[in-house]
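Chains as they are written, first to last, in the numbering used here: chain V, 498 to 650; chain D, -17 to 194.
If you are wondering where the hints come from, they were derived from the structure by calculation, not from laboratory data.
There may be inaccurate statements among the hints.
When the alpha-carbon atoms are kept at most 30 Å apart in a straight line, the in silico DSBU-like pairs for lysine-lysine are as follows [as the list claims (entries may be wrong)]:
hint: 1; chain 1: V; residue 1: Lys510; chain 2: V; residue 2: Lys592
hint: 2; chain 1: D; residue 1: Lys113; chain 2: V; residue 2: Lys553
hint: 3; chain 1: D; residue 1: Lys96; chain 2: V; residue 2: Lys499
hint: 4; chain 1: D; residue 1: Lys151; chain 2: V; residue 2: Lys499
hint: 5; chain 1: V; residue 1: Lys499; chain 2: D; residue 2: Lys79
hint: 6; chain 1: V; residue 1: Lys613; chain 2: V; residue 2: Lys510
hint: 7; chain 1: D; residue 1: Lys79; chain 2: V; residue 2: Lys510
hint: 8; chain 1: V; residue 1: Lys553; chain 2: V; residue 2: Lys510
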Amino acid sequence: MKLIDTLEQELGKKDLPTLHPGDTVDVHYLIREGDKERVQIYSGTIISISGRGIRKNICVRRIVQGEGVERIFPLHNPRVQDVVITRRGNVRRAKLFYLRDRVGKKTRVKELVGDKVRRERDAEKARRAAITAAATAQEAAPADDSAEETVEA
Amino acid sequence: MTLILGRKIGMTQLFAEDGTVAGVTVVEAGPCVVTQIRTEENDGYNAVQLGFEDMPDRLVAKPQRGHFAKNEIAPKRFLREERLNGPAECEIGDVVKADAFEEGDLVDVIGTTKGRGFAGTIKRHGFSRGKETHGSHNVRAPGSIGCSATPSRVLKGKRSSGHYGNARKTTKNLRIMRVDEERNLIFIRGGVPGPPNGFVQVRTAKTGIKKG
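This is chain V alone, in the form it adopts within the complex:
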């Protein structure tokens, strides 16, 4: 592997969920309100994944009060605290820009179902459990926080 790719792997987040275009996700994003910070959850459909390594971004589209909103999240940014897949999408394209031209019920993406999805979902659950377990093992106090987060998700 090229040295630059090795470096990006070391610098970036170690464990990110495997995301696909068409997936419905909850992005836990740390926002600043005055001098306080809190986590805002932004949920929508991934319409594009761009970049690789530490420069990987996802574009998440949702409809807010009848108006389409797209936000691009750099996945390795520390402000993006978590990305939770709530629903897998069955799509045949890498970029779902055609959703921009649609309104109402047509903006929905068909759900991807099947054995593979089930297996991946179980793997994802196991991965999250492993992270929580690791956190619990490391320290007692912060482990409680992360456990709560997983429940919310």
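Given chain V, put chain D in place with the hints provided.
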């Protein structure tokens, strides 16, 4: 003043705690060996010659072979000098590593830019382009290059098409964001001249003031 020789590895991003991102160039800097010391009496000026990256013996030209053999140093691929004001304080065989720099330092990076061959005025000097439609045939042409009967010649220094790139270039006052001493890597904010794997020289910035 510190000079170190290295190789550009490539570019990536660094995220700060508050989520701001910085584009950085990774340079594999050193270890460099002092291969020669130039003195006032011998050479007419004071300088230190540094060498970077070993090369196989069969590739070394005979004159260079002698140069390295004299001080029993493994042949190096990339040699550059650092000019000094006074006599050198180091000795032949001393090693300069990436830890010569630290986070927050300002540096100048010297490299050879990517060669672009014979380039037109748009790429080479940033001229504007003409219309592509509405019957225009003046798409990438340079336009007028001067006056008429007076002076009936083109003024010297008129920017025109020609060879572009593959030239020594210095980018000044770049900040060092991180130093990896183990692997001799320096993370420099911004871009540096040349392609990935190109040789570069990193030196303490000649102008510019280090902020607090």
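Here's how the hints hold up against the structure:
1. A hinted pair counts as satisfied when its Cα atoms are at most 30 Å apart, and V:Lys510 with V:Lys592 qualifies at roughly 24 Å.
2. Note on D:Lys113 and V:Lys553: the hinted pairing is violated, with a Cα-Cα distance of about 37 Å set against a maximum of 30 Å.
3. A distance of roughly 21 Å separates the Cα atoms of D:Lys96 and V:Lys499; the hinted pair therefore holds under the 30 Å criterion.
4. For the hint pairing D:Lys151 with V:Lys499, the CA-to-CA distance comes to about 26 Å; that is within 30 Å, so the pair holds.
5. Between V:Lys499 and D:Lys79 the CA atoms are separated by roughly 22 Å; this keeps the pair inside 30 Å, and the hint holds.
6. For the hint linking V:Lys613 to V:Lys510, the alpha-carbon distance of about 25 Å falls within 30 Å, and the restraint holds.
7. Distance restraint check for D:Lys79 and V:Lys510: the Cα-Cα separation of roughly 29 Å lies within the 30 Å cut-off, and the hinted pair is therefore satisfied.
8. Our distance criterion of 30 Å between C-alpha atoms is met by V:Lys553 and V:Lys510, whose separation comes to about 11 Å.
Hint violations for this structure: number 2 only, all remaining hints satisfied.
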